[in-house]
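J.: Given only the sequences and the hints, what does the whole structure look like? Please build it.
There are 2 protein chains.
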Amino acid sequence: MKADRPIGVFDSGIGGLTVIHALRRLLPQEDLVYLGDTARLPYGTKSHRTIERYTLQMGELLQRCEPKLIVIACNTASAHGLPALQAVSPCPVIGVIEPGAEAAAEQPGPVGIIGTLATVSSGAYEAAIRRHDPAKVIHSVACPLLVPLAEEGWFDDPVTDSICRRYLNQLPFEAKTVVLGCTHYPTLLASLDRCRPGTRWIDSGLVTAKAVDRLLQGSISYRTASARGELRVQLTDASSRLKEVGNRFLEEPLGDVEVVEI
Amino acid sequence: MKADRPIGVFDSGIGGLTVIHALRRLLPQEDLVYLGDTARLPYGTKSHRTIERYTLQMGELLQRCEPKLIVIACNTASAHGLPALQAVSPCPVIGVIEPGAEAAAEQPGPVGIIGTLATVSSGAYEAAIRRHDPAKVIHSVACPLLVPLAEEGWFDDPVTDSICRRYLNQLPFEAKTVVLGCTHYPTLLASLDRCRPGTRWIDSGLVTAKAVDRLLQGSISYRTASARGELRVQLTDASSRLKEVGNRFLEEPLGDVEVVEI
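Same order as they appear, the protein sequences are chains A and B.
Here the first sequence stands for residues 1 to 262, where the numbers follow our numbering.
Here the second sequence stands for residues 1 to 262, where the numbers follow our numbering.
Since no wrong hints were added, every one of them can be taken at face value.
With a straight-line cut-off of 25 Å between C-alpha atoms, the simulated SDA-like cross-links for lysine to any residue are: (1) B:K210 / B:Q29; (2) B:K243 / B:P253; (3) A:K243 / B:S140; (4) B:K2 / B:L216; (5) B:K136 / B:E126; (6) A:K243 / B:V141; (7) B:K243 / A:R49; (8) B:K243 / A:G123.
Hints were generated in silico from the structure; no laboratory data involved.
T.: Written as structure tokens, this is what we have:
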């Protein structure tokens, strides 16, 4: 890994900006290139075959910026496209499932997973958690409305609370640890926590940022520049609403957005 | 228009199956080819440029079945892609906006439009209604959560009622006629009507089926076979959930689905 190359981060849309936010805090000196497939989002309702194909295309597009590492900052794409992209990518590729699963496996007792339809139906979290703890009891719930709710921005809202409660009530009481298996979900954390107080929430994006930190440390390929790294944002489609939502997810202004047509 | 050719119906996903349902009832002898762009749905959050490009690609794909007529059974694609497709298509193309607008213009008093972000921001309904009645007072509200709610199938549900009420309350009381400016919305009609009883709802899909009937009648290109016409369903992606949702929208079994990769 060449230290002065950027980290490439790809997502099906803008949810992965929560991972960028975590990376910018943890590794402020790194240059980041974010690529969001907003022309085809969401991936969470699509088939394995299509998600895998899209993941490979996005990985190829990211190669234009010669990344030292690619982070798939999308649970759905990680669940369905990670092995295929790892098999062809000239640089290392990590997804958000393995770090989230590792963090969940370390916690005592049964674990809950909430995610998109495609993530939950893949069984990727179950497989990854059981590699660490074969006896772990795992309960998964698909929550198709949470992504559109997060994008609509109805935070701190009784309707959002009702929807979160309905999904979370499908998890047994004993599951005190719940993985936020979609990078949109951290923006709904206040609501989720109101519906299930005392839960240990695992933010898959946050633990992935920590995994990136460890990986770079191990290979001594930290960027050594003292200046704050640059963030380039590329999207396959730029609608007027995206900037507004993007600012919220990134927790800083999104800046200029390049449109990369696919 | 050659009578024995099918009618091609295209939608961004499966919402247009409500238009197919109406066409099958009104024109049972016609062969129908339905093409849903499920690999890239929804269109309602995307930009004009991208929606127009997708609409042209879908129109081109439909030409493989040599349709006598293409119906864009999607409000968003009609709002952004109809003129471009009409300009290049070898067969006539009609969208759902014009029939819905005409029906709305005929009603007395102010009119409300509910639709996706892209449909509402296009101003296509306003422009089309004002071609019939330049003085019409029109109020539009984007309802981003209604498509995912319809796909989640939470009908007859207090959460759905709350969400419908929040959107509909943005329309002034005087708007007694409201256009369902998205082909998903008829499946939520019970909930919408509970929130705004006494409203005259215009189902853009239903009035479009009637417009197709009039168009075929005018050109004497009805299919004369006495047998019930065939329905072919083609999707650009087939996830496991689609059949279930599709059956609900079509109100009959979806049958075999062909996957056409784009």
